[in-house]
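Protein chains: 2
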Amino acid sequence: MSNQDLALTDATERCSPLVREPLSAGRAHEIARTFKALGEPVRLRLLSLIASHDGGEACVCDISPSFDLSQPTISHHLKVLREAGLLDSERRGTWVYYRVIPAALHQLSSALADADPTAAVTA
Amino acid sequence: MSNQDLALTDATERCSPLVREPLSAGRAHEIARTFKALGEPVRLRLLSLIASHDGGEACVCDISPSFDLSQPTISHHLKVLREAGLLDSERRGTWVYYRVIPAALHQLSSALADADPTAAVTA
Chain A
1 MSNQDLALTD ATERCSPLVR EPLSAGRAHE IARTFKALGE PVRLRLLSLI ASHDGGEACV
61 CDISPSFDLS QPTISHHLKV LREAGLLDSE RRGTWVYYRV IPAALHQLSS ALADADPTAA
121 VTA
Chain B
1 MSNQDLALTD ATERCSPLVR EPLSAGRAHE IARTFKALGE PVRLRLLSLI ASHDGGEACV
61 CDISPSFDLS QPTISHHLKV LREAGLLDSE RRGTWVYYRV IPAALHQLSS ALADADPTAA
121 VTA
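Residue numbers (the UniProt record's numbering), protein chains in the order written: chain A, 1 to 123; chain B, 1 to 123.
Only chain A is shown next, with the shape it has when bound in the complex (with noise of 0.2 Å):
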């Protein structure tokens, strides 16, 4: 079963958001795991480029380029998104090409939603 298939079958039951009831301890674990692997600038930038290159895909050659990092770093860094559910991999002939798995973008988003940005602190 691959990264996407995972994301797709539990996308549904970890939508719901935070802001409406507590989150159970497994969850939170589940869920953090993969806000932790986003708390850095470095996997952030690869992320996004990744999701905005031409087809939604780009393998470390395309992103070489834009970051002042060896391509050793570049890979851990794609690792770790990979083993948190964000990113999916398929090699083509020398590259490993990488995308983002939308479903788990999806979800994330979904957790924090439901807050309403002109709420005013009344306290």
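Read the hints as simulated data drawn from the structure, not as lab findings. C-beta atoms are modelled at their ideal positions from N, C-alpha and C, and glycine is treated no differently. Please note that the accuracy of each hint is not assured.
[Stated by the list, open to error] Listed next, the stretches of chain B that the computed footprint assigns to chain A, with coverage defined by at least 3 CB atoms under 8 Å from CB atoms of chain A:
id	stretch
1	17-23
2	26-32
3	36-49
[Said to hold, decoys possible] Estimated spans, in silico, between C-beta atoms of each pair:
id	chain 1	residue 1	chain 2	residue 2	range
4	A	S70	B	R92	49 to 59 Å
5	A	R33	B	W95	28 to 38 Å
6	B	R33	A	E83	20 to 30 Å
7	B	S66	A	Q71	39 to 49 Å
8	A	E30	B	D62	39 to 49 Å
9	B	K79	A	R92	41 to 51 Å
10	B	D54	A	E83	45 to 55 Å
11	B	K79	A	R33	19 to 29 Å
Following the hints, put chain B in place on chain A, whose structure we already have.
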């Protein structure tokens, strides 16, 4: 200027989805800091508990019974969430009351949005 004011001021400029165009290094740094604060299960549960508590606010006295942690440990995690711009606080008598800043959650949710959860990996 309070955390609430800061979050509201910056909300519009930080809301554009990261899947649409590559994040700048500066913006990635800023968003990553908030994701990092959420990348810890206890902090996620704290945020969720406060947001879903009666009246949308809670003090450590309300929170402590749900956690097998000391009050100083809980206070430390609350401080991290506050410094990341996710919580506002107000002292009333003996207790400090915490409240989630809706604009902060909204901007994170928006940054992760625009991802179609049903999109297949076609690569």
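Hints, verified against the model:
no., hint, result
1, 17-23, "holds (count 6)"
2, 26-32, "holds (count 4)"
3, 36-49, "holds (count 13)"
4, A:S70 / B:R92: 49 to 59 Å, "holds (52 Å)"
5, A:R33 / B:W95: 28 to 38 Å, "holds (32 Å)"
6, B:R33 / A:E83: 20 to 30 Å, "holds (22 Å)"
7, B:S66 / A:Q71: 39 to 49 Å, "holds (45 Å)"
8, A:E30 / B:D62: 39 to 49 Å, "violated (25 Å)"
9, B:K79 / A:R92: 41 to 51 Å, "holds (47 Å)"
10, B:D54 / A:E83: 45 to 55 Å, "violated (38 Å)"
11, B:K79 / A:R33: 19 to 29 Å, "holds (22 Å)"
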